[in-house]
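Enquirer: Protein sequence lines, in the order shown, are assigned to chains A and B.
Under this note's numbering, residues 1 to 449 are what the first sequence spells out, in order.
Under this note's numbering, residues 450 to 759 are what the second sequence spells out, in order.
A short list of chain B residues far from chain A (calculated; beta carbon distances all over 10 angstroms):
{"hint": "1", "residue": "R516"}
{"hint": "2", "residue": "P582"}
{"hint": "3", "residue": "W603"}
{"hint": "4", "residue": "L737"}
{"hint": "5", "residue": "P741"}
Mimicking DSSO-like on lysine-lysine, the simulated pairs with C-alpha atoms at most 30 angstroms apart in a straight line are:
{"hint": "6", "chain 1": "A", "residue 1": "K448", "chain 2": "B", "residue 2": "K528"}
{"hint": "7", "chain 1": "A", "residue 1": "K241", "chain 2": "B", "residue 2": "K528"}
{"hint": "8", "chain 1": "A", "residue 1": "K335", "chain 2": "A", "residue 2": "K398"}
{"hint": "9", "chain 1": "A", "residue 1": "K242", "chain 2": "B", "residue 2": "K528"}
{"hint": "10", "chain 1": "A", "residue 1": "K444", "chain 2": "B", "residue 2": "K528"}
{"hint": "11", "chain 1": "A", "residue 1": "K186", "chain 2": "A", "residue 2": "K301"}
{"hint": "12", "chain 1": "A", "residue 1": "K335", "chain 2": "A", "residue 2": "K151"}
{"hint": "13", "chain 1": "A", "residue 1": "K320", "chain 2": "A", "residue 2": "K151"}
{"hint": "14", "chain 1": "A", "residue 1": "K251", "chain 2": "B", "residue 2": "K528"}
{"hint": "15", "chain 1": "A", "residue 1": "K448", "chain 2": "A", "residue 2": "K251"}
{"hint": "16", "chain 1": "A", "residue 1": "K398", "chain 2": "A", "residue 2": "K448"}
{"hint": "17", "chain 1": "A", "residue 1": "K258", "chain 2": "B", "residue 2": "K528"}
{"hint": "18", "chain 1": "A", "residue 1": "K335", "chain 2": "A", "residue 2": "K138"}
Quick look at which bits of chain A chain B covers, simulated, 3 or more residues with Cβ under 8 angstroms:
{"hint": "19", "region": "125-136"}
{"hint": "20", "region": "263-276"}
{"hint": "21", "region": "433-445"}
No lab work stands behind these hints, which were simulated from the structure alone.
None of the values given here were measured: they were computed from a predicted structure.
A virtual CB, placed ideally from N, CA and C, is assigned to each residue, including glycine.
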Amino acid sequence: MLKRETTTATDRLFSRRRFIYYSAALAAAVACGPTPATAPPSASPSGPVQLKGTKVNLLHWTSFVPDEDKWFKETLVNDWAKPNGVDLTVELVSANEAQPKIVAALQAGGGPDVMLLQWTWSHLYADKLSDVSAVAEKIGNDGGGYYDVMKQNAQVQGVWRAVPFGMTGNALHYRESLLKQAGADKFPATWSDLAKVGADVKAKSKLFLGQALGHSYGDPPTFSFPFLWSHGGSETDETGKKIAINSAATKDALVAFKELFSKACDPQCLSWDDSSNNRAYAAKQIWATLNGASIYLSAVKADPDLANDTQLPLLPAGPKGQFVLGVPFQYAIPKYVKDPGPALEMISYIMSPKTYGPFMKVGGKGYTLAPYKKGEGELWPSSDPKFDPFKKIGALSKWYGYPAPPSPAATESGSKYIVVDMFAKVAQGEAPESAMSWAEGELKNVYKL
Amino acid sequence: MRAETHERPVTAGQLPTIGELLDRQGLLAYVLLSPALLILIAFIGWPFITSLWLAMTDQSVSTSVVRFVGLNNFTDALKSQIFQQTVRNTFVYTGVTVVFKLVFGVGLAVLMNQSFRLKNIARAALLLPWIVPTALSAIAWLWLFDGTFSVFNWVIVRSGIADRGINWLGEGTWAMAAIIIANIWRGTPFFAISILAGLQTVDRELLDAAAVDGASPWQRFWRITIPLIRPVLLIVLLFSTVWTISDFQLVYVLTRGGPANSTHLFGTLAYDVAVRAGQLSQGAAISLYMFPVLIVCVVALLVYLRRSST
Numbered sequence: 001m002l003k004r005e006t007t008t009a010t011d012r013l014f015s016r017r018r019f020i021y022y023s024a025a026l027a028a029a030v031a032c033g034p035t036p037a038t039a040p041p042s043a044s045p046s047g048p049v050q051l052k053g054t055k056v057n058l059l060h061w062t063s064f065v066p067d068e069d070k071w072f073k074e075t076l077v078n079d080w081a082k083p084n085g086v087d088l089t090v091e092l093v094s095a096n097e098a099q100p101k102i103v104a105a106l107q108a109g110g111g112p113d114v115m116l117l118q119w120t121w122s123h124l125y126a127d128k129l130s131d132v133s134a135v136a137e138k139i140g141n142d143g144g145g146y147y148d149v150m151k152q153n154a155q156v157q158g159v160w161r162a163v164p165f166g167m168t169g170n171a172l173h174y175r176e177s178l179l180k181q182a183g184a185d186k187f188p189a190t191w192s193d194l195a196k197v198g199a200d201v202k203a204k205s206k207l208f209l210g211q212a213l214g215h216s217y218g219d220p221p222t223f224s225f226p227f228l229w230s231h232g233g234s235e236t237d238e239t240g241k242k243i244a245i246n247s248a249a250t251k252d253a254l255v256a257f258k259e260l261f262s263k264a265c266d267p268q269c270l271s272w273d274d275s276s277n278n279r280a281y282a283a284k285q286i287w288a289t290l291n292g293a294s295i296y297l298s299a300v301k302a303d304p305d306l307a308n309d310t311q312l313p314l315l316p317a318g319p320k321g322q323f324v325l326g327v328p329f330q331y332a333i334p335k336y337v338k339d340p341g342p343a344l345e346m347i348s349y350i351m352s353p354k355t356y357g358p359f360m361k362v363g364g365k366g367y368t369l370a371p372y373k374k375g376e377g378e379l380w381p382s383s384d385p386k387f388d389p390f391k392k393i394g395a396l397s398k399w400y401g402y403p404a405p406p407s408p409a410a411t412e413s414g415s416k417y418i419v420v421d422m423f424a425k426v427a428q429g430e431a432p433e434s435a436m437s438w439a440e441g442e443l444k445n446v447y448k449l
Numbered sequence: 450m451r452a453e454t455h456e457r458p459v460t461a462g463q464l465p466t467i468g469e470l471l472d473r474q475g476l477l478a479y480v481l482l483s484p485a486l487l488i489l490i491a492f493i494g495w496p497f498i499t500s501l502w503l504a505m506t507d508q509s510v511s512t513s514v515v516r517f518v519g520l521n522n523f524t525d526a527l528k529s530q531i532f533q534q535t536v537r538n539t540f541v542y543t544g545v546t547v548v549f550k551l552v553f554g555v556g557l558a559v560l561m562n563q564s565f566r567l568k569n570i571a572r573a574a575l576l577l578p579w580i581v582p583t584a585l586s587a588i589a590w591l592w593l594f595d596g597t598f599s600v601f602n603w604v605i606v607r608s609g610i611a612d613r614g615i616n617w618l619g620e621g622t623w624a625m626a627a628i629i630i631a632n633i634w635r636g637t638p639f640f641a642i643s644i645l646a647g648l649q650t651v652d653r654e655l656l657d658a659a660a661v662d663g664a665s666p667w668q669r670f671w672r673i674t675i676p677l678i679r680p681v682l683l684i685v686l687l688f689s690t691v692w693t694i695s696d697f698q699l700v701y702v703l704t705r706g707g708p709a710n711s712t713h714l715f716g717t718l719a720y721d722v723a724v725r726a727g728q729l730s731q732g733a734a735i736s737l738y739m740f741p742v743l744i745v746c747v748v749a750l751l752v753y754l755r756r757s758s759t
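The task is simple: from the sequences and hints, build the whole structure.
Expert: Structure below.
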């Protein structure tokens, strides 16, 4: 027979045994508690779209032009969501932070109903994105046809995995007075001339050409890739099956870049992200920089004298021509969204020329460019002649992986900043051959070639 | 209070009640430990096993069908020059910061162990860099190191030390120095406060006796104080090494691994590869390279502690 231990009444009340009983009871109560109310069944994708009572979560980037954010937060909600009875949530995140959110949502199988993708991300996430061909085709037709770059970015093997939203057109911002002070009467048309003029301006004004070359989504790649392409260099050949970065053309590009950077730029730009040059230009610490029109648009409000002195040409040409890499955006609907109807309705509303035209005017005034050709025609938002060069951007712009079609590998390479880092290495003093060879090794890993 | 006895004869073949089972010390220990174990398994064990599995597949954000690829991701990482540079960066960053944090931490702890006015306020203020969220303090450092608006550069130029400021975040070596400085600033208070706690356990009589025997202050510190607080030092070193090797926030905010990958650590590179480039399995493999290094640190320390305690 076992002898039991002696206990008091208080001991029994707070005994370890009772503690476990209470814990188990509490856990059971929580587990068996009232179940959360389930969402009302939504309309069938195949039937007419029932908007009233539905919810749409939109993940959008935070624009460098605050009026654009306001348009989504207020105008879209008031003009589309409320009249249709849709509970619309607009989540704004900075461009550099959008990708982690998107990857997490796609992997978890839950999150935003509509996500704004950048670059060629549609190719990277194609398997997890809904087919939006019908809506994309209709919008393209209504808008007078998409630019080739928009189709390349959003269409994967003949299927539209996203609906093109638009493009941030990048152009050089420069101060005309400083250019003239240095003896030049117009902005250089070629990279080699820019190196000479940039050196003269730097000598005269002590200000440099501020080109961001850090790990950031916009300005570093939109400078590096066009510079490379304009000298005939590229990551791969036209088929995308052979790494072509280690070439005489790339070497020419890097030698020309070294000349430009050493004479006209400044090493501090190696750490710059997309906002650094905005701040530096506004503070008159640099005389020129590549950027979206946000710098100019901000100056119009905050510093009219600076805005008046600012001109906006496209990037100069190289021996192989003039290239542009605008920052493209597309709306995608993940496959985990069971009823894509309301999301598609919202995208159709935003992208119809009737809505998009006013958005361009009220919102960005030329900061975000339309993905279709009516954008440079009847919808053109600005009466300011300084924006005229932006009309060419849609047609001139290329994509990650050019001259090959976009691919997941090209997108991965862009996300890893391999070409940007190749230029950054040369700016840091590394020999062009060595930087080129480094890039070749990294690209072989990415492309598995 | 009146004591009661609970007695129930337990005969052979009769199942014990739950209460009787819980009265068994061995079983009760496991029952009480189980919530903590479950949390550890759910939030540390399971993710770790999953990342091990992930690292041996070809899973990316774009793949629907996942294939087993063995150690390919690990060998592929070794071939990448960015990864090789990351390994070097991580060891330099960890080695330099831990040594400086130790030296500064001991110095500050000795200082704070003295009696002076407002001692308690000074001790509380010492902890500020440690308790401010890293991302927030990193943004402050970002402005301090900014190429155009750096306060350090303003002082350097205005005081005539140099014609132009330092390219803190735009040049590889200076960028590494910048993240090291920020890490030392942030991590030193942890060393100082922990070592201060150790110093306060040192018996004054031992130090006084040594002083009477003619030992100099340096001898007393080196021969008596340091041996007595060695276990604290080692634990602090271990924690700091683990945290520094796996650092992410500070570097991500200040440099994002740039310029040209010269400040990438395991954490930032794994993030870039897994999240930005969508190669989840490759990112997992890169982050798992930290594991053997950390295991060696932990085992060496635990062996040392066990030996010294016996």
